[in-house]
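Colleague: Sequence:
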Amino acid sequence: MDDLCEANGTFAINLLKLLGEKDNLRNVFFSPLSLSSALTMVLMGAKGNTAAQMSQAFKESCQKFYQADLEELNFSKDTEECRKHVNDWVTEKTEGKISEILGAGAIGPLTKLVLVNATYFKGKWDEQFDRKHTRGMTFKTNKEKTTVQMMFKQAKLKMGYVEEVHAQVLELPYVEGVLGMLILLPDDNTDLAVVEKALTYEKFRAWTNPEKLTKDKVQVFLPRLKLEESYDLEAFLRSLGMTDAFEEAKADFSGMSAKKNVPMSKVVHKCFVEVNEEGTEAAAATAVVRNSRCSRTEPRFCADHPFLFFIRHHETNSILFCGKFSSP
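When you line the sequence shown up against our numbering, it's residues 44 to 371, in that order.
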């Protein structure tokens, strides 16, 4: 399980950095666990060099079967009906939060293999924010200032400070304490890009190690947020060395299709998240971490500028969702 979580975590951090590198102001949100489990299902049907490349891309540790559906559709006969069928499946799996993962024109008569995955998560904070304290506050980016609905609460929470990147760490637990949201918030005078550049899965584990965080009474300011992000991940997967899977002359998925040379046509991932006073609704190295900075006043965690956030399963250390909030 440790190897599996490490492989998934490394995959998550690499993808988080890649999706955000072209545009610093672009929001990012995805589910690495959902995506890697869908790719694992395809890996189980891959053979030859296609399988070898996929195994290398996922460090051979993700070869574990997750609950998933495999269905054969005739894209050439009725493209629009196939598109509707896939969208209806996703709508059902996400309880209506994601209604159209494949937009008009996303697939065509020549489409061979489409990888679609959907996941849904709804969690309530262990200690909710009081709506009466939510008010308009300024959210600052490098280029502009925007008014957001800023939630507030005062509670005993686990905090830390990472000297290496000048960033605060805060954990917001969900009910029952099995899952938690971890937020990496750089200081006002530190760009989020500094944190992103230094971030690796090993450092993420070190920075967010529960034993390194101290429980303290803290004032928390966190914006309400609602994100819906969609990605075509072919370029990212090719960058990992997984090239044969997309090329008709080389693709070998004979383990799940009787037809020869069936390449992957699309790898689509769409994710939705809403963070509010009640909780979160979502669909789809050695490091020195010291305790939250000593101060005679009550610690303050004010997320009024770009930050990274992760939803983690504590027992396995698995990253279920991760994202970047840069632009309200």
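Where hints are given, some of them may not hold.
[Said to hold, decoys possible] The calculated label-pair distances, taken between Cβ atoms and stated as ranges, are:
(1) K65 / E187: 40 to 46 Å
(2) T257 / R281: 23 to 29 Å
(3) N92 / E321: 44 to 50 Å
(4) G91 / N185: 29 to 35 Å
(5) E187 / G146: 55 to 61 Å
[Said to hold, decoys possible] Heads up, simulated BS3-like pairs for lysine-lysine below, C-alpha to C-alpha not over 30 Å straight-line:
(6) K186 / K167
(7) K60 / K136
(8) K165 / K293
(9) K293 / K199
(10) K183 / K260
(11) K293 / K196
(12) K309 / K293
(13) K196 / K127
(14) K240 / K309
(15) K186 / K165
(16) K240 / K183
(17) K246 / K136
(18) K309 / K65
(19) K90 / K309
(20) K186 / K269
(21) K167 / K293
(22) K199 / K167
(23) K165 / K175
(24) K65 / K246
(25) K127 / K165
(26) K186 / K199
(27) K258 / K309
(28) K269 / K246
(29) K269 / K188
(30) K65 / K167
(31) K260 / K165
(32) K240 / K255
(33) K199 / K269
(34) K136 / K269
(35) K136 / K167
To be clear, the hints were calculated from the coordinates, so they are not data collected in a lab.
C-beta: ideal position from N, C-alpha, C; glycine also.
Colleague: All hints, please: hold or fail.
Modeller: So, going through the hints one by one against the coordinates:
1. For K65 and E187, the Cβ-Cβ distance of about 19 Å falls outside the hinted range of 40 to 46 Å, so the restraint is violated.
2. In this structure the hint that T257 and R281 lie 23 to 29 Å apart at CB is violated, the actual value being about 43 Å.
3. Distance hint for N92 and E321: a CB-CB separation of about 49 Å, consistent with the stated range 44 to 50 Å.
4. Between G91 and N185 the Cβ separation comes to about 48 Å, which falls outside the hinted range of 29 to 35 Å.
5. At roughly 29 Å, the beta-carbon separation of E187 and G146 lies outside the given 55 to 61 Å, and the hint is violated.
6. Proposed proximity of K186 and K167 is contradicted: the alpha carbons are some 33 Å apart, above 30 Å.
7. Distance check on the hinted pair: K60 and K136 sit about 27 Å apart at the alpha-carbon level, within 30 Å; holds.
8. Straight-line distance between C-alpha atoms of K165 and K293 comes to about 41 Å, which puts the hinted pair past the 30 Å bound.
9. Proposed proximity of K293 and K199 is contradicted: the alpha carbons are some 56 Å apart, above 30 Å.
10. Of the supplied pair hints, the one linking K183 and K260 holds, its CA atoms being roughly 25 Å apart against a limit of 30 Å.
11. The hinted pair formed by K293 and K196 fails the criterion: a straight-line CA distance of about 56 Å is larger than 30 Å.
12. Restraint check for K309 and K293: the C-alpha separation of about 16 Å stays at or below 30 Å, so the hint holds.
13. The suggested pairing of K196 with K127 is violated, with an alpha-carbon distance near 43 Å, which exceeds 30 Å.
14. Straight-line distance between C-alpha atoms of K240 and K309 comes to about 29 Å, which keeps the hinted pair within the 30 Å bound.
15. Under the criterion of a C-alpha separation no larger than 30 Å, the hint pairing K186 with K165 is inconsistent with the structure, at around 33 Å.
16. Annotation: proposed proximity of K240 to K183 holds, straight-line Cα distance about 21 Å (limit 30 Å).
17. A threshold of 30 Å between alpha carbons decides the hint, and for K246 with K136 the separation of about 33 Å lies outside it, so the pair is violated.
18. Between the alpha carbons of K309 and K65 the distance comes to roughly 21 Å, so the proposed pair stays at or under 30 Å and holds.
19. Between K90 and K309, the direct Cα distance comes to roughly 19 Å. Compliance with the 30 Å bound is thereby established for this hinted pair.
20. A threshold of 30 Å between alpha carbons decides the hint, and for K186 with K269 the separation of about 21 Å falls inside it, so the pair holds.
21. Restraint check: the Cα-Cα separation between K167 and K293 comes to about 47 Å, which exceeds 30 Å; the hinted pair is violated.
22. About 17 Å separates the Cα atoms of K199 and K167, which keeps this hinted pair within 30 Å; it holds.
23. In summary, the hint linking K165 to K175 is supported, as the alpha carbons are separated by about 22 Å, within the 30 Å threshold.
24. For the hint pairing K65 with K246, the CA-to-CA distance comes to about 23 Å; that is within 30 Å, so the pair holds.
25. A hinted pair counts as satisfied when its Cα atoms are at most 30 Å apart, and K127 with K165 qualifies at roughly 25 Å.
26. For the hint linking K186 to K199, the alpha-carbon distance of about 34 Å lies beyond 30 Å, and the restraint is violated.
27. At roughly 45 Å between alpha-carbon atoms, K258 and K309 are farther apart than 30 Å, so this suggested pair is violated.
28. Restraint check for K269 and K246: the C-alpha separation of about 27 Å stays at or below 30 Å, so the hint holds.
29. Note on K269 and K188: the hinted pairing holds, with a Cα-Cα distance of about 18 Å set against a maximum of 30 Å.
30. With a CA separation close to 33 Å, the supplied pair K65 and K167 exceeds the 30 Å bound.
31. A C-alpha spacing of about 26 Å is found between K260 and K165, which places the hinted pair at or below 30 Å, so the restraint holds.
32. Among the hinted pairs, K240 with K255 is consistent with the structure: their alpha-carbon atoms are about 22 Å apart, no more than 30 Å.
33. Under the criterion of a C-alpha separation no larger than 30 Å, the hint pairing K199 with K269 is consistent with the structure, at around 26 Å.
34. Of the supplied pair hints, the one linking K136 and K269 holds, its CA atoms being roughly 19 Å apart against a limit of 30 Å.
35. In summary, the hint linking K136 to K167 is supported, as the alpha carbons are separated by about 20 Å, within the 30 Å threshold.
Comparing the model with each numbered hint stated earlier shows that hints 1, 2, 4, 5, 6, 8, 9, 11, 13, 15, 17, 21, 26, 27, 30 do not hold.
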